[in-house]
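Please put together the full structure from these sequences, using the hints given.
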Amino acid sequence: MIKKDKMKIVSTRCIAKDTIEMVLENQFISGIAVPGQFLHIQVGKHILRRPISIADCNKELNQITILFKINGVGTDELANYQQGEYLDVLGPLGNGFTTDGESKSTVLLIGGGIGVPPLYYLGKTLKENGINIVTILGFQQKDNVFYEQQFQELGETFIVTDNGSYGHKGFVTDVIDQVGRFDCYYSCGPIPMLKALTAKLKGKKGFISLEERMGCGIGACFACVLPTKDGTSYKKICKDGPVFQAEEVTL
Amino acid sequence: MIKKDKMKIVSTRCIAKDTIEMVLENQFISGIAVPGQFLHIQVGKHILRRPISIADCNKELNQITILFKINGVGTDELANYQQGEYLDVLGPLGNGFTTDGESKSTVLLIGGGIGVPPLYYLGKTLKENGINIVTILGFQQKDNVFYEQQFQELGETFIVTDNGSYGHKGFVTDVIDQVGRFDCYYSCGPIPMLKALTAKLKGKKGFISLEERMGCGIGACFACVLPTKDGTSYKKICKDGPVFQAEEVTL
Amino acid sequence: MTNLAIELPGLSLKNPIMPASGCFGFGREYSDFYDLGKLGAVIMKAATATGRIGNPTPRVAETASGMLNAIGLQNPGVYKIMETEVSFLSQFDTKIIANIAGSTLEEYEEVAHAFNETEHVHALELNISCPNVKEGGIQFGTDPSMAARVTEAVKKASNLPVYVKLSPNVTDIVSMAKAVEAAGADGLSMINTITGMQIHLPSRKPLIANRTGGLSGPAIKPVAIRMIYEVSQQVNIPIIGMGGIQNAEDVLEFLLAGASAVAIGTANFQNPFICSEIIDELPNILEKYGFHSVQEAIGKGIVS
Amino acid sequence: MTNLAIELPGLSLKNPIMPASGCFGFGREYSDFYDLGKLGAVIMKAATATGRIGNPTPRVAETASGMLNAIGLQNPGVYKIMETEVSFLSQFDTKIIANIAGSTLEEYEEVAHAFNETEHVHALELNISCPNVKEGGIQFGTDPSMAARVTEAVKKASNLPVYVKLSPNVTDIVSMAKAVEAAGADGLSMINTITGMQIHLPSRKPLIANRTGGLSGPAIKPVAIRMIYEVSQQVNIPIIGMGGIQNAEDVLEFLLAGASAVAIGTANFQNPFICSEIIDELPNILEKYGFHSVQEAIGKGIVS
Ligand SMILES: Cc1cc2nc3c(=O)[nH]c(=O)nc-3n(C[C@H](O)[C@H](O)[C@H](O)COP(=O)(O)OP(=O)(O)OC[C@H]3O[C@@H](n4cnc5c(N)ncnc54)[C@H](O)[C@@H]3O)c2cc1C
Ligand SMILES: Cc1cc2nc3c(=O)[nH]c(=O)nc-3n(C[C@H](O)[C@H](O)[C@H](O)COP(=O)(O)OP(=O)(O)OC[C@H]3O[C@@H](n4cnc5c(N)ncnc54)[C@H](O)[C@@H]3O)c2cc1C
Ligand SMILES: Cc1cc2nc3c(=O)[nH]c(=O)nc-3n(C[C@H](O)[C@H](O)[C@H](O)COP(=O)(O)O)c2cc1C
Ligand SMILES: Cc1cc2nc3c(=O)[nH]c(=O)nc-3n(C[C@H](O)[C@H](O)[C@H](O)COP(=O)(O)O)c2cc1C
Ligand code: FES
Ligand code: FES
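Chains as they are written, first to last, in my numbering: chain R, 1 to 251; chain S, 252 to 502; chain U, 503 to 806; chain P, 807 to 1110.
It should be emphasised that the hints constitute simulated quantities derived from the structure, not laboratory data. Any given hint could turn out to be false.
Unchecked claim - Pairwise CB distance ranges (calculated): (1) S:G282 to P:E1093: 37 to 47 Å; (2) U:K540 to R:D230: 35 to 45 Å; (3) U:D534 to R:K45: 46 to 56 Å.
Ideal Cβ positions, reconstructed from N, Cα and C, are used throughout, including at glycine.
Following this line, the structure appears as structure tokens:
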């Protein structure tokens, strides 16, 4: 079920360069949100809503955390909203990650930049289910890094920066070989990263979360489609995704 | 001289039905404002500024008072601005009333509805110059009445409402005969009122302040013109006005 | 009691509000938000003869008070639509309008004919103006004689009333309207989107993969009002008005300009309840401005 | 150092920024805000042969991210303009472009000829597209052969370079552009306003006294970008781009789409300093997106 509702801004703060963490409150939406889903947020009077992943969810406090990067006019305006104000939100949207892994198995989370957020709620949920978590997070450079501590609490965490200004230098794919055995991977990040990653991990069971410019966010307008591998059909990122099996789609 | 500047909202309050009094602070603009001039106010992201008369000006405190009625989307948004916020203002604009009357003379102020505001600063200024003030203010009905007290402090004040729910019943023109001798009149209000008034006071020296939808507000776009009596030329309300000699224009 | 009902060829509408084609899919997603039986009608997404995969993405971009789209007529084809979508929509107490598109005259005929086979479709909206189909769609929509030809063909291929959806991308909208009226159109639907473009500065390329897209939303409302005003004075068939409607005041503005009913597109994306909320608000707005019925307001803004 | 200079026929511009015709009067009012010598050029308000009184008021209305205007070519006539306005503007170190309009071919010729007499006017902008003049202006702007005729006539009547200002209210902007290019136009200016309308609900009448008005502002930017993109690929003369520009990013978008310089209209009303501020900001924006000069950015968004 999807709801259009007001979410109260419980807190908002800058956690890295141009990166905002915002905690939102709404009982219904937090009550049913699963990892990988997203919120479609009305910002000011903009004609289109902004899709932002659910980065964390606290069902006791009825809270959802979002993490977003100031990336244009909408996210810039969103960053200026203050604690106590309300956001008009459509959500939770999308399918979310399948988290039915067996306990005792190990999963690898690989996040790039602003693709990191959905992996946090996923990792937390998996860990609660007794699954081992290893994380690789890639950022452009040192001042973009966020949530390192939070992921470390879930398990071993590698930070990679493009220029080596923090953690390992290079790309997330460069450190995968340092990770031991894992049963499955979950990833979200820029397309070039996902391309390199799915190529490197070909044959492995994996799930990736994708982005596309959206209209409705609920599957009605056909804005956010992705052709299936055979090219004769398509998936809607907003409804059939944003999470797909790595093998299922062509990037 | 016209300035584009920020004006701080010192206070804002509702003084009658849908009628807001807002006190704004800016040294330069308050320093040179004369009665009858107006401010061209940027509200939100609206493409066109909103022209609002200067209702009072306190040169010691660097403050200007505006009074406006919620009349559409822009004034509605303006009413929601809070104390402490800033408005982007172009002003002071227009010519203003000529206030070179001789002291000891008597002037009649006639205001209708949201045409009342500019008359207050005018009346105050005239009174300071030793001129006697008599005021007639017309409103739709009781809950629209504002600034009665303030005008009474300037001199005798008649209130008229369309339905008689407060003061005299009828139109401002109905009570003019009750006013004694006066040397000159100043008026601002809806066109039908100004028409009736200038007809009734034909031959009297008088000044009227006019409204028109504006673009630039400074005389460049030719949006706000008014044909002169002979029809071969025109005046710009924003620059040559908003105040005109009653005889000068065709309503 | 304000009377919202309105009679149009083939469409006895309980109210003049319908979602615009392409902005509401086939209603499924929005049926989770409210009972579609509340709507005057539903205009379905464009149908072509066989399924289409549409344009590459990005397919949408945001503009000042508007958006661009270049979906490219993606749809599963008329037969699939009849089977799964019309049958789904037919459960609701509302009228169904099928938006039909094609690259050739024959394709239009085939689609029109197919929709004729079900009792659940009450009217056709002939989309001759989709700016995102390159094979010829643009020609039909900008040339009066081509538009007349496709209108005639569709009228022959089907017994359903035909509302021709006009493109605003023309020099002379009135002659387009007159041409399709003469060709037998039962009504008009206007306006479709205005062709526009946005260039993405970082990539230095058109943001929409198809380069150009159709501009919709409040930005185009003044153009829609102007065209409906002009056309309604020159034709005798009713107009379904659309272009930037966001609230009940906007609906009244379209009625005053000469529309007999309206469609709401882009606004559904911001607020999935918009059509339902406008239906609730419309009686108050009509009354506020002195009207007792929708019928009474039609064309009242026209100064002769 | 980012190079803002650009060479156009008859116009050596220090930067590509100029106020658009009709939105800056003859510069007087804005000269109180900043030194007009900072501008690449000033495009004056339209001039006709004898003075015009223009349309009744209201002449402007606000729309979503835009405005409508129907000023109706009010101006004191070309001779008065030469005497008082050109001489005023000539004190500033900037180029002067005279926007010329008329109801007949002869009037265009007369105005063009008159401006030829002063050394202070550097180019003509031929306004064939003013949607608010009914006597025939609209024909010139929407018919390629009429547009070509007036272009030829004006070229003969004057030695000044001629930039033909195109109307977006046409089916095929490219053929309009090609027609005036073939007729000798030295450049194009695009776009003028899109014809629109607003109905005032309380009075049930068109808000603009002239009924229709020209839509300008950010709302029309996607249409301007699309038309400039299309036209710039098909003609060999430079384009002065305009339509909804609000900031230096918008200027770059117009350059990428194929414009060689830009004009800023409606935005002056919100911010009288806008042209000056954009000139200050443009170097940063060019650099941010990897350009070292205005020249380098022109047409760089065009995908072939
Ligand atoms: C399913 C999903 C989840 C996302 N989760 C996050 C997140 O958790 N944190 C985060 O920082 N960002 C996330 N994004 C990206 C985020 O939506 C964009 O950064 C944001 O929309 C940019 O808006 P803007 O107004 O700042 O940019 P502008 O460029 O001004 O936006 C213009 C239009 O383009 C759209 N747009 C621009 N960039 C993107 C993009 N990358 N993806 C989709 N639409 C875009 C906007 O939504 C808007 O409609 C997610 C995107 C999707 C599709
Ligand atoms: C010189 C002058 C002084 C004024 N002084 C006052 C004042 O002191 N107090 C007050 O309440 N009102 C005053 N007005 C009227 C005030 O400008 C309008 O009420 C206001 O612009 C309405 O804006 P809106 O967005 O609420 O209405 P909308 O109808 O949404 O506005 C749409 C557009 O129309 C314009 N507009 C609408 N009504 C008017 C109008 N009556 N006059 C001019 N433009 C209009 C708006 O500025 C805007 O551009 C004055 C007008 C002028 C010209
Ligand atoms: C995403 C999107 C898809 C559309 N698809 C179609 C379509 O398939 N057929 C059609 O006739 N019009 C289509 N349109 C045009 C709308 O039906 C409508 O005419 C236009 O958007 C103007 O209305 P609006 O401003 O309320 O959106 C589409 C519009 C949008 C925004
Ligand atoms: C109030 C106003 C008056 C205008 N007058 C003229 C004119 O006299 N001649 C002309 O060619 N264009 C005229 N225009 C059109 C502008 O020059 C410009 O082409 C158009 O407004 C688009 O640019 P903008 O969106 O930046 O305003 C006028 C526009 C406005 C808003
Ligand atoms: S955004 Fe509308 S279908 Fe996905
Ligand atoms: S508003 Fe522009 S001239 Fe008066």
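Comparing the hints with the structure gives:
Restraint check, G282 of chain S to E1093 of chain P: a C-beta distance of roughly 40 Å satisfies the suggested window 37 to 47 Å. A beta carbon spacing of about 40 Å between K540 of chain U and D230 of chain R agrees with the range 35 to 45 Å that was offered as a hint. Hint check: D534 of chain U to K45 of chain R, Cβ distance near 25 Å, so the stated range 46 to 56 Å is violated.
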